[in-house]
Structure formats: C-alpha cells, structure tokens
Amino acid sequence: MNIDLNLHLMLPELIVLAAALAAIVTELLLPAGRRALPVAWTCFAGLAVAFVMLLVGDYDGRAMRVPGDAAEGAPLITGWISDGFSVFCRQVIAFGGMLLVLLSMPYTRRMDKGHGEFYGLLLFALFGVMLSSGVSDLLSFFVCLELVTISAFIMAAFKRNDLRSAEAGLKYLVIGAASTALLLLGIGFIYGATGTLSFDLITQQLGDIEALGPKAWLLWIGLALLLSGLLFKIGGVPFQVWMPDVYQGAPSPVTAFLSTASKGVGLILFIRIGTALLAPAEAAAGGVSLVAVLGTVAVVTLLFGTLAAIPQKNIKRLLAYSSIGHAGYLLMGITALVKASEAGQVDAASALLFYLLAYVVTNATAFAVIVLVSGSLGTHEHPAYSGLAQRSPFVALAMCLALLSLAGVPPMSGFFGKFLILRAAVNEGMVFIAFVGAVGVVISLYFYLLWIKEMYFKAPREGAEAVKAGSLKPVPVSVPALVVLVIGIIGMLGMGIAMGPFYDWAAQAAESLAAAP
Amino acid sequence: MNPLLIIILVPAIATLALFFVPRGNNAAVRGICLLATTIVLITAVLAFIQFPNAPVDDAVGIANKGLESEHVFKWTTKTEWVPDLGLSFFLGVDGMGMAMVLLTAIIIFAGVIVSFGITERVKEYYVCLMALVTGVFGVFTSLDLFFYYFFYELAVIPMFLLIGIWGSTTRTVDQGYATMKLVLLLSTGAVIALVGLIAVYLYAPGAGFDMVKLEEVAFDTSFQMVWFPAIFLGFASLIPLWPLHSWSPAGHAAAPAAVSMLHAGVLMKLGAFGVIRVALTYFPDAAQVYLPWVGLLCCMNIIYGALVAIAQRDLKLIIGYSSSSHMGYVLLGLASMTLIGMQGAVFLMFAHGIMTALAFSLIGWFYDQTHTRMLDDLGGLMKVMPFAGVGFIIAAMASAGLPGFANFVSELLVIIGAWHSNANASLWWYIPPILAVWGLVLTGVYLLRAVKDLWYGEISPRWEKLQDVKTPLQKTPYVVLIATLMLFGFWPKPMLDVLDGSVSSLHYRIENGIEQSVETGALVRDVETPGSGAEGGAGLDSDENAGAEGGADR
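As you go down the protein sequences, you meet chains A and B in turn.
Numbers -15 to 501, taken from the working numbering, label the letters of the first sequence in order.
Numbers 18 to 571, taken from the working numbering, label the letters of the second sequence in order.
Read the hints as simulated data drawn from the structure, not as lab findings.
Because the structure is a prediction, the values reported are computed rather than measured.
Derived DEER-like restraints, expressed as beta-carbon distance ranges: (1) B/Asn43 with A/Ala2: 52 to 60 Å; (2) A/Gly484 with B/Leu313: 42 to 50 Å; (3) A/Gly484 with B/Thr238: 31 to 39 Å; (4) A/Met95 with B/Thr136: 40 to 48 Å; (5) A/Leu291 with B/Pro511: 50 to 58 Å; (6) B/Gln305 with A/Asp192: 49 to 57 Å.
Yeah, the Cβ is synthetic: ideal placement off N, Cα and C, and Gly gets one too.
Isolated chain A, as found in the complex (with noise of 0.2 Å):
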C-alpha cells in the first residue's frame, strides 16, 4: 500500500505537541518554586512558532493520504486534509491558544506545583482542536475530539482540594463519557449502513440513497447521534447540562479554555461535516429534516441559555449561560449552512468563522479580567465588581467592552459576527429564527448590562460579604495579562469597526471549503 506521508502540512501541530512535551520536562529538570514561568513561556513558544508558520507557510495540501476506494475496500483512515479552512482555524486557535497561555500566568503563578501539567495538558487539547480542522474521515474525528475531551476532563478537576472543582470534573466526566457513547454508536451505525468512515464516500452514498435500502435508517439514525456528540461539544440544548456547573468549578483559565478552544473544536467539526455530510445528507433526504431539527435547537439553545443567563450572580455562571445562547447562534448559522446551496454555504460559513474568530478574542479578554479580578479577591460573585471602573478603570473598560461584544453592540466584533449569522439566516428564508437572533440579542443584553452597571454606576463596596480586604484598591494588573486585555481591545474595536480584512480573510477560507474535492 501506498501512503502520502507529507507530514510537514502537520509541522505546526507537531511544534505545538513538542512544547507540550518540553513544558512537562522542564518542570521537571527545574527546582520546585521557580517553574511557573519557564514552563508557561515554552509553551507559549511553542504556540507562537506554530501560529508564524501557519501565517507565513504554505500549507495546501493533504497528509495522511490513504489511496483506495469502497470497491477494494474503503481505508478507515483517509487523510487529513490541509486546506485554507484548516489553516485558519489553526491560526485562530494557535492564536487564541497563545491568548490562552498568558492569561493563565496571574493564575498558575499562585500555584505550588503541576504546572507542567496544566500547561502540557492544555496544549494537547490545543493540539487536537488543531488537528480537528482538518479530518476527512469520522474516526479521525473521533480522536480529535477525544484528545480535546479527555484533556478537559483532567483540567477541569486541577484543583483536587476544591470541591468545586472535583464536582466540575466529575460531572464533566459522566456527562462526557454519556454523549461520547452515543457518538460512537453513531459512527458505528454509519458504518454499518455504508461500510466506510469516508467523508466523501459517504457523501457518494448519499447522491443514491436509494440503493442502500432500508439501511438509510441506520445511516440517519446515525447521522442523528453524531449531532449529539457536537451538541455536547458546542453547548445545545438538551446537552448543555455540563456547562454552568462545570464553567463555575473549573479554574478560570481552564473556563476560559472551555468557553474559546473546547467550543470552537465542536464548531469547526460542525462546520466540516455540516458541508461534507449533513448538507448532501438534507438534499438526499429531499427535506425530511435535519434543517427543521437544527433550527429547532437552535431556537431552544439561544432562548434557554439567554433566559437562564439573568438570574446569575455568579460571573462564570453567567458567561456559561450566555455561552449556551452563544452555542444558539452558531446552530442559527450551521442551520442556515445545512439548508444552503452552494453560494449560500459560503456565505454562512464564513459567518460562522467570523464568529469563532471574534468569540475566541472577546471570550479571551473578559476571561483575562476574570483571573485578574477574582483572583485578587477570590470571589466570582457581584460584589467583586462593584465599583470596578473607579477601582481600575483600565480594567473595568476591557471587561465592559468584551460584554457589549458578547452581547452584540456596534462598534464591537461580536456585533459583526451576529449580524453576519443574521444575514446568513434571512438570506436562507429563515425569517422567524431570525427575529428569534434578533431578540436574544436583547434579552442578552439585559444581563450584560446588569453587570456593566455593577461595575460603573455603584461604588466600590467595602465589607461586603465574601470580599475580603483589598475590594477597594486597584485591581494588581501582570504584564502578561495586561498584553491579553490591550490585545482583546484592539481585536474587539478592529474587528467591529475594519471588519474588512477580517471577513475577507474568514471567507477565503470558506471558499476553500466549497471547493474541496
């Protein structure tokens, strides 16, 4: 057998894997107490080299090649494919990972020991989110997600001694393990209906379904589970239950990883097999609907995680909930990518991708300010913000700003990204879900907003419960931390107001989506 092993396509995952390696050998080559920073700045290294090369680099092309075809017997394996959609959400993720890193530093600084853990552990997840971009075949898939699910688990239990974060862990498990089970018996079921894990070759069999007979039950019985494991990935209804308490248990910065690189692996696998598989998969089932089951859940994902979002005094829970309403308009834009013909594929693609890309930069930022501020007073919960802006204006602008991004408010990225998703949806005739976008939009910005005030309309408040001394000083602001904030303000602003470049960019790579063989 013959395989085209061009393995250099892979170089910038294999960089990002070797400095998850090098992070765990240096902690341990060097003397308890001064491991912090070395470790974390290797991987932050490693991720930088990986994000330069995939700017500069050519990187078209497919590794992994396996040739054969159903008739001699279909490869499980097909290749990974390098093209302009994988290269950028590489680049989105090398550069949110790199995001990643130094917000972690206010936090992992505090720690005594395991930090070449919760660094290796994190670029492994990176590593699979990377490699995820660029799977043609579903047990390929299957690993990916794996290696960033089995990454997370461990993450989310780091702080064994906090029960919180024990339960976090625990939970994230069983759940985890639940939808992996059913994700599996999906890809099984495919399987079984058309004897490969191909892409392409499933699609093949799409185009004459009626030749598989009554086994096309299996195929969307299947196709069904799949959806499953991607919900749980992304956040949907009814496989959101993890979020809320796993977002507030987990460390921060691990939240942060939960809410950027964890979501964006599901997205960037919804959007390959929403074009490779689930759009051929509607036009084959002539309407019998994938499109009526998305665009369900995605109105119950954005209504649920807009409206639980209000009742939440805790920040963590809340950008939790609101990560769900989140998870809501990218079903709205995968809705509108499954239903769409070919000009229209593109079009919601790149707004999905545009999304990811604001998302990853905002969720970023406000989480930085999350690890600053709480860390200095150990609490998550309102009165920690009270007063921010008088406190430490600097900082209460990054977080206010990230809200208003989250919530969809010009001049800022997020607002771009929804309206694109918007576009998507009316362009595809999907008018009612998108009054329903355009109302979460609202309902959303009602919370964030709650908070906004808690930071600028009440003053600091001293004494109040569970803030301990020091409530009403600045909030202490690290050099690495102060680059994630500057970073996030310039990408929300330059997003929001030269959207230009950024959407040329973002649907650039969706073109080469439409493209692919």
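Starting from the known structure of chain A, fit chain B onto it as the hints suggest.
Chain B only, in chain A's frame:
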C-alpha cells in the same frame, strides 16, 4: 474638506482625545468638548446655509420626471469597506438630513455648556456624551444601510451609562429601572428593524447597502406589505409611537439635563428619520395602506400624551409626555400623505427638538440647585431667576403653538396637511386634524399650569438663595436655542427650501407608488469610489442643477 466628515470625525476624535486627558483635569476635558462642538456647530451652520446652492460635483440624487426638484444628497463621500458584502462607508445628506444635522449640532453645543455643572466623574461623562453624539451624527449622514444601523446602536450604550451614572432617582421615577427600560426598548426596536434592513439588503443584491441605489429598486408589493410593519414599528418605537412610548418619559425624568436635551431633542427624531428614510421611502405602496392606521394611532399619541401630561406634577415628566404628544404631530403629518403635511412633519422634528431642548436645559438649571422638580415644592421662582423664567415661558409658548415660533409654522402645516388629506375620503378622516387642534389646547393647559405653579405665586424661603443664569457663557446655550426658534418662526423659508427636495420626492413616491417612481426616476449621478474606474457616472447632465434650482424656486 467635506463638511460631513468634519461633523462626524471631530466628535469621534474628541472622544479618543478625552481618554488621554489626565484624571482630574476637568477644565481640559470641558475645553476639548466645547471646542469640538463649536467647530461642529459652525460647520453645520455653514453647510446648512450653502446647502441649496452647494456645488453638485459630489452630489448624488434621484430625479423624478414630472417633479421639479430632485432628491439630492450633497457632499457625498464613499469608501469601500467590505466590497464582498456591498458595504461601504458612504456619507451624504439630503435636505432632511441637513436639518437634522443642524439640529443635533445646536443641541450638543448647548448641551456641552449646560453640562458644565456636572462635577462628578467629568471625563467619563464627556466621553459618553461625545460618543453618543458621534453616533447620532453618523445616523443622520450615513447613506449606507449597514452604517446607518451601526451608528444607531452606537448611540444607545452611551445613553445607558449617561442616565445610569449621572441621572437621578426621584419620587416619581427609579433611575435603574428607567435606564434599563429605555435601553432595552430602544434595542428591541432596533434589532427588529435590523432584521427588516437585512431583508431589504438581500432583496436587491445589486444595490448592496447603498441607500441611494435602493431607492431605485422596485420592491415587490407583497414584500413591502410583509416588511413595512417590522421596519416601521422598529423605528416608531423610538419616536415613540403610542403604545410603545412608556420608556420615553421615564427616561427623561431619570436623565441629567444635557441627556434629556439630546434624548428628546435628537434621539426621538432618529426614529422618525428612520421611518422616513427606510420604511416610507422604500415601501411607498405599503405606506399607502398602513399610514391611515398610523394616523389613528398618532391621535392617541397626541391626546393621550397630553392628558397624561396634565396629570403629572413632576416637571420633567410633563415635558416628557408632552414630547411624546408632540411627536404625534410628526406622525400625523407623515400619515397625511400630503406634501404640506410631510413638510410640516419634518420641520416640526426640527422645531420640537430645539424647543424641548430649551425646556429641559432650563429645568436642569434649577434642578441642580433645588434637587426637586415637583411643582408642589416649587413656586415663585421668577423672583430669583428671571432669565431662566423668561426662557422657560418662551419654551412653553413655543410648544403651545404661539405664532412667531418655528413650532407654530410647522404644526400649522401639519394640521392643514392632515385636513387636506381628506379631500376625497370619508368623513372619518376629519377626526385626526380636529383632535390635533384640541391637542394644542391641552398643551396650553398643562404648560400654562406648569408656568403658573413654577414661576409665579409665593416663593418658599428655602429657594430665595437660588442663582439665576448669570455669565455670558452660561447664557449662551439658552440664547442660541431661543434665537433658532424665533428665527425659523419668523422666517421659515430657508428651512422649507432645504427640506423641499427630499420631502417632495418622498411625497411623489407615496402618491404614485413604487413602480411609477422607479420607472420615471433616474439616478442622476453615481458616486465614484476612488480607484473603482470610470464606470457609472451615467449622469443626466442637464438635471445636474435641478436640485439647486428646484430649491430656490419656492
């Protein structure tokens, strides 16, 4: 340099500059803002004067055969922003936009000076104020549908902070509640309109977001009927149309003086502007069907608003409800579908803005000292502050429609227009203009009562130390506002000339329906984006000066 660019960029630059002023240097903050708004005001006044005769080489417009004047946008400037989406940064004003820009420039100039009384968190205050006004100018000058919405939403968040931080809770209104209600209702209207705007944009892929080219698109009647309500209600909730008005008086009552001025003077006009610019212009056939119903609703605005105002004892709530009552006249003028009524409506947007800003600024003047606005607590203030008293009485007289003020001219036009709209319909349609006249009587009732209770009668000893408006700087905003009201009251022609092109083309569209308008209309001149080559520019050269001439004919 393009005056519109100056008008948008100066406040935007001022906003950024304020971030770099060291904390506590309030004089510098105020100086920067005063300078910026003065530049903007001078530019706006000069542009307004030049408007009818401005050179047309950077103008773009729609000429309708059978109509003397054309709908011309002057001082246009266009920069491609996201070409793939047909999105460009495209500025330009027609007559209506010009009037609104002038209105905003006057009010923000007055507002900055009135806000000198703010002593707490001064820098943040002015940052928000400048950001707000940037958004407002952006809405009035954008010819790109995307940026139009962009600026519209941009104005909302500063509003939230301004009212929430510097506003006040009184016996009548809880500040937090009013702030949140205002922002949420404004945003709800906005996002509902946004979905409609996206639908408009997707209907005509060739036009992109270009609002001038969209005027050339013949929207299908059924499309119009479906989307008119969404866009109309989205914007009308900001006017505010009864029964969507409840955010507005509460918002006024909680806001600091300058914000009330901008809110009633300008923000409500954003709603009416949006209705005219988008809903009526693009969907004239649907407008023909729906506007009579709007005519009925706005009677509720006028009468209900006035009756509620009569029941209030909080001065700001009186003016607040009075505003929603008077915006009913704007809607009535539009709903009349007559040229004269529409002209009156747009003119009233201007006049009402100035009048209400004057009233709120004077309420702010004594509220800063008394910390109460309840009529029962006050009285006899004329003895200690005659200047403010006279100013307030002028505002009240203008509002009640006394001849000599711009409000009289415009309200008269509206009522005449509404009366004529009945010419060939049933007797039922005489009801709105009759109610509108009675609305003016009710205005007299609550305003005269307010004047009596506030300025005359016994003065309580605790008010005897109050300060009047003294220094020339303090007097400037009031003098500017009063002068504007009286200038256009005695000499409305310049304003009507400026408005002519945009209003008569709107009237033409509604009267003749979209098919005929698009058929007979021609894009006079296409704006070239730098580097986009020589395509377009298919101008009817002979029509180039038609806008200027049509304007001068009146």
